[in-house]
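Colleague: Going line by line, the protein sequences match chains G and C.
Taking our numbering, the leading residue of the first sequence gets 1, the next gets one more, and so forth.
Taking our numbering, the leading residue of the second sequence gets 1, the next gets one more, and so forth.
Please keep in mind that the hints were generated in silico from the structure rather than gathered at the bench.
Please note: incorrect hints may appear among the correct ones.
[Claimed, not checked] Simulated pairs of lysine-lysine, DSS-like, Cα-Cα distance not exceeding 25 angstroms: (1) Lys100(C) / Lys151(G); (2) Lys419(C) / Lys56(G); (3) Lys306(C) / Lys20(G); (4) Lys174(C) / Lys60(G); (5) Lys32(G) / Lys174(C); (6) Lys480(C) / Lys81(G); (7) Lys151(G) / Lys121(G); (8) Lys151(G) / Lys419(C); (9) Lys32(G) / Lys480(C); (10) Lys510(C) / Lys480(C); (11) Lys326(C) / Lys205(C); (12) Lys115(G) / Lys147(G); (13) Lys306(C) / Lys60(G); (14) Lys156(G) / Lys559(C); (15) Lys81(G) / Lys419(C); (16) Lys418(C) / Lys32(G); (17) Lys81(G) / Lys326(C); (18) Lys306(C) / Lys56(G); (19) Lys73(C) / Lys116(C); (20) Lys190(C) / Lys151(G); (21) Lys486(C) / Lys151(G); (22) Lys115(G) / Lys480(C); (23) Lys510(C) / Lys486(C); (24) Lys115(G) / Lys610(C); (25) Lys610(C) / Lys151(G); (26) Lys32(G) / Lys486(C); (27) Lys559(C) / Lys333(C); (28) Lys115(G) / Lys156(G); (29) Lys32(G) / Lys11(G); (30) Lys156(G) / Lys100(C); (31) Lys147(G) / Lys306(C); (32) Lys56(G) / Lys81(G); (33) Lys73(C) / Lys147(G); (34) Lys577(C) / Lys508(C); (35) Lys205(C) / Lys32(G).
[Stated by the list, open to error] On the chain G side, residues computed to face chain C include the following (Cβ under 8 angstroms): (36) Phe69; (37) Val71; (38) Ser150.
We put the beta carbon where it would ideally sit given N, CA and C, even for glycine.
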Amino acid sequence: MELTLDFPRVKAIVESYTEKVDSLIDSYAGNKEQLISLLQDIQAEFNYLPQDVLVKISQKLDIPLSQVFSVATFFRAFTLKPRGRHLVTVCLGTACHVKGGRRLVEKIERDYGIKPGETTKDMRFTLEAVNCLGCCALGPVVVVDGKYESKMNPDKLDRVLRGYK
Amino acid sequence: MVEQVRKLLEKRVESAAELENLRQSILGKRDTSRICISVCGGTACRASGAEAVVEAFLDEIERRELQVQVEMKETGCHGFCERGPLVVIEPRKIFYQQVKPEDIPEIIAETVLGGKVVERLLYVDPVSSQRITYEPDVPFYKRQTRTIFGANGTIDPTNIEDYIAVGGYSALSKALTGMKPQEIIDEVKKSGLRGRGGGGFPTGKKWQSCREAEADIKYVICNADEGDPGAYQDRSLLEGNPHSVLEGMVIGAYAIGSHRGYIYVRNEYPLAVRHARIAIEQAMDYGLLGENILGSGFDFNVTINKGGGAFVCGESSALMASLEGKIGEPKAKYVHMSEKGLWDNPSLLNNVKTWANVPLVINKGADWYSKIGTSGSKGTMIFSLVGNINNTGLVEVPMGITLREMIFDIGGGIPNGKKFKAVQTGGPSGGCIPEQFLDTPVDFDELTKLGSMMGSGGMIVMDEDTCMVDVAKYFIEFLKGESCGKCTPCREGINRMSEILSNITQGKGKPEDLEALEDLAAVLNAGALCALGQTAANPVMSTLKYFRDEYIAHIEQKKCPAGVCRDLIQYSIDPEKCQGCLRCLRACPTGAITGEKREAHTLNQGLCIKCGACYDVCKFDAVIRQ
Chain G
1 MELTLDFPRV KAIVESYTEK VDSLIDSYAG NKEQLISLLQ DIQAEFNYLP
51 QDVLVKISQK LDIPLSQVFS VATFFRAFTL KPRGRHLVTV CLGTACHVKG
101 GRRLVEKIER DYGIKPGETT KDMRFTLEAV NCLGCCALGP VVVVDGKYES
151 KMNPDKLDRV LRGYK
Chain C
1 MVEQVRKLLE KRVESAAELE NLRQSILGKR DTSRICISVC GGTACRASGA
51 EAVVEAFLDE IERRELQVQV EMKETGCHGF CERGPLVVIE PRKIFYQQVK
101 PEDIPEIIAE TVLGGKVVER LLYVDPVSSQ RITYEPDVPF YKRQTRTIFG
151 ANGTIDPTNI EDYIAVGGYS ALSKALTGMK PQEIIDEVKK SGLRGRGGGG
201 FPTGKKWQSC REAEADIKYV ICNADEGDPG AYQDRSLLEG NPHSVLEGMV
251 IGAYAIGSHR GYIYVRNEYP LAVRHARIAI EQAMDYGLLG ENILGSGFDF
301 NVTINKGGGA FVCGESSALM ASLEGKIGEP KAKYVHMSEK GLWDNPSLLN
351 NVKTWANVPL VINKGADWYS KIGTSGSKGT MIFSLVGNIN NTGLVEVPMG
401 ITLREMIFDI GGGIPNGKKF KAVQTGGPSG GCIPEQFLDT PVDFDELTKL
451 GSMMGSGGMI VMDEDTCMVD VAKYFIEFLK GESCGKCTPC REGINRMSEI
501 LSNITQGKGK PEDLEALEDL AAVLNAGALC ALGQTAANPV MSTLKYFRDE
551 YIAHIEQKKC PAGVCRDLIQ YSIDPEKCQG CLRCLRACPT GAITGEKREA
601 HTLNQGLCIK CGACYDVCKF DAVIRQ
């Protein structure tokens with residue numbers, strides 16, 4: 001197969017990406033203290049923190065790159081790896097733990113071959129474990145793309161996940 | 001534009017008298033005999049489908065053209081999360097639980113128009129087996145004292161007028177117009193209010209030292225980084241009644257002389273963030289926040305910061321580091337944060353619940369407030385009663401109530417006929433309390449005496465099927481992941497504890513391990529930098545103290561008495577009980593179970609990964625776990 005690059009299209013994609021990144025960084029008007037909020041916005045936009053964006057933040061806000069990286073890797077909410085199409089969050093808070101939350105993680109590990117923090121090769125699912133979503137009355141809880149699934153068991157989870165392609 | 005500005009100015013309340021006028025005019029417009037359908041819109045009820053229920057109500061009201069007669073309200077969390085979605089029909093307070101969209105036409109036809117009760121949607125008390133019609137009669141609510149949490153079920157958190165109607169911001173107007181800052185602090189001191197975030201530090205004392213600290217800039221911070229697993233009352237309060245928290249913050253700011261505030265809230269709580277944001281905007285519009293509050297000349301602004309999902313940021317100095325845009329590492333507190341905190345300025349940090357208590361103290365007075373509770377712990381506390389318990393949800397009770405009353409009278413006891421084993425309080429800094437202490441009154445000091453603590457108010461009930469070594473390991477694993485890594489005792493000590501506990505749960509434990517755990521705990525307690533590290537060993541120490549025999553069974557007999565630790569248990573199939581239904585065979589992920597239909601199945605131990613899938617699906621109790 002002959003590979004031809006549609007240069008105007010590639011250029012347009014790069015430009016819109018650059019524009020988006022710039023406008024997000026500029027919205028904080030050089031305010032270094034807002035680094036965490038800025039990273040949250042970047043992650044909300046791109047689903048993860050692309051490395052080149054971190055470099056750009058460091059340059060534009062005049063924060064050492066080491067500090068940007070330390071913040072980006074310290075907090076659990078951030079990821080430097082692209083996430084899959086669907087984010088599956090299993091709650092492992094104490095209430096969910098005593099009601100069997102751990103077994104839901106194991107079920108996904110077995111069925112999809114991913115551990116918490118990992119993404120399936122086909123980019124279908126990213127699995128995250130979280131230490132309490134505050135829905136303890138409904139445990140064990142799993143959240144898929146923001147939708148809460150309550151009182152889960154491995155069997156129910158299987159049915160839910162099949163619905164996400 | 002001019003029109004918009006004028007509209008904004010009209011809303012502004014410029015004095016205490018104007019606030020009172022506004023309240024009267026809101027109340028005057030309201031018809032208390034009018035039927036109001038209130039649907040709980042807390043995170044848990046939403047997860048159970050409350051939004052679809054609201055939609056269905058709105059559709060049905062529109063279809064029957066009842067907009068004038070019937071009011072719809074989506075309130076904050078009512079607390080009885082287990083039974084959601086919850087619907088309460090005012091003014092009679094008829095209580096429906098587990099309501100589905102298809103129930104709505106019947107509720108409208110029968111209850112709203114016909115005045116009759118839909119029996120099948122009522123709550124049945126598991127103890128007395130009686131149907132209960134009215135919300136206040138439900139045993140779960142009946143024994144509570146809802147001074148802080150009460151308004152949650154009646155107000156729409158996105159409508160400031162609802163809060164004003166129930167007396168909201170009257171404490172602020174009293175403080176700003178009738179009290180000197182020192183008088184406010186004296187009142188808070190006299191009330192005996194202690195910090196609700198965990199430590200229980202006297203609130204008034206903290207305010208005093210922040211007031212006395214000399215600086216041009218001071219900060220007020222609301223800690224809504226509720227990281228304790230199993231606790232969610234801060235979330236529910238901020239979601240359901242954000243103005244009560246804001247009101248407390250403004251009063252605190254006025255008392256110490258601060259003009260800038262932050263609410264640091266967990267990123268995992270999107271609804272709380274949204275409601276707090278709306279509340280701030282509305283309070284600004286009404287002149288209850290921002291410049292020249294209530295015409296008093298006092299300015300105070302609040303910003304929301306979302307956390308990055310680090311447990312350690314619930315610790316005050318780590319939280320402030322995170323607010324500064326740095327990683328959330330705690331500092332050694334040679335100097336209190338109230339003197340040198342955020343950007344080295346005096347900073348007054350209190351928990352969500354503490355702030356929500358402040359308007360109550362100011363409004364009703366310290367004398368009234370200090371009558372509730374025990375000698376050392378005043379007021380009420382909101383607990384999240386969760387785990388293996390019948391009535392799961394949020395419970396507000398006076399300090400001093402016994403654990404037994406909480407768990408058996410309000411919580412309705414342990415489900416499925418199981419036995420109570422322990423209750424875990426205080427999150428990862430707390431401990432597990434066994435049955436013999438169930439009659440202990442719950443307050444800051446009593447829980448500490450038992451080797452646990454109050455913490456943020458999480459109360460996780462565990463039944464006989466819970467392995468206490470596994471619980472200890474759970475908390476240590478949690479802390480291993482959350483330790484910020486700055487100080488060695490916490491970083492290394494917790495890792496060592498985790499290794500030892502893993503060995504014990506895998507049957508590789510040695511008798512001397514228990515002593516090593518105790519040694520490590522002592523080092524952590526003495527040497528860790530922040531309170532989270534100093535208390536990190538509490539879950540291990542309390543289980544070692546009260547459930548030592550369980551540790552010994554794991555080490556010496558290589559058995560897990562509760563049947564939880566995977567390496568110490570074995571599954572098998574009882575050929576007498578097995579009906580050959582093929583359910584377990586289909587559920588087994590590794591093909592370890594073989595057999596024909598209507599013939600007893602067999603389990604191949606070599607292939608079994610002990611996932612428990614067969615145990616879960618068997619309807620005949622034929623799968624044995626031992």
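Colleague: What hints, given by number in increasing order, does this structure fail?
Modeller: Violated hints: 2, 4, 5, 7, 9, 11, 14, 15, 16, 20, 21, 23, 27, 29, 34, 35 and 36; rest satisfied.
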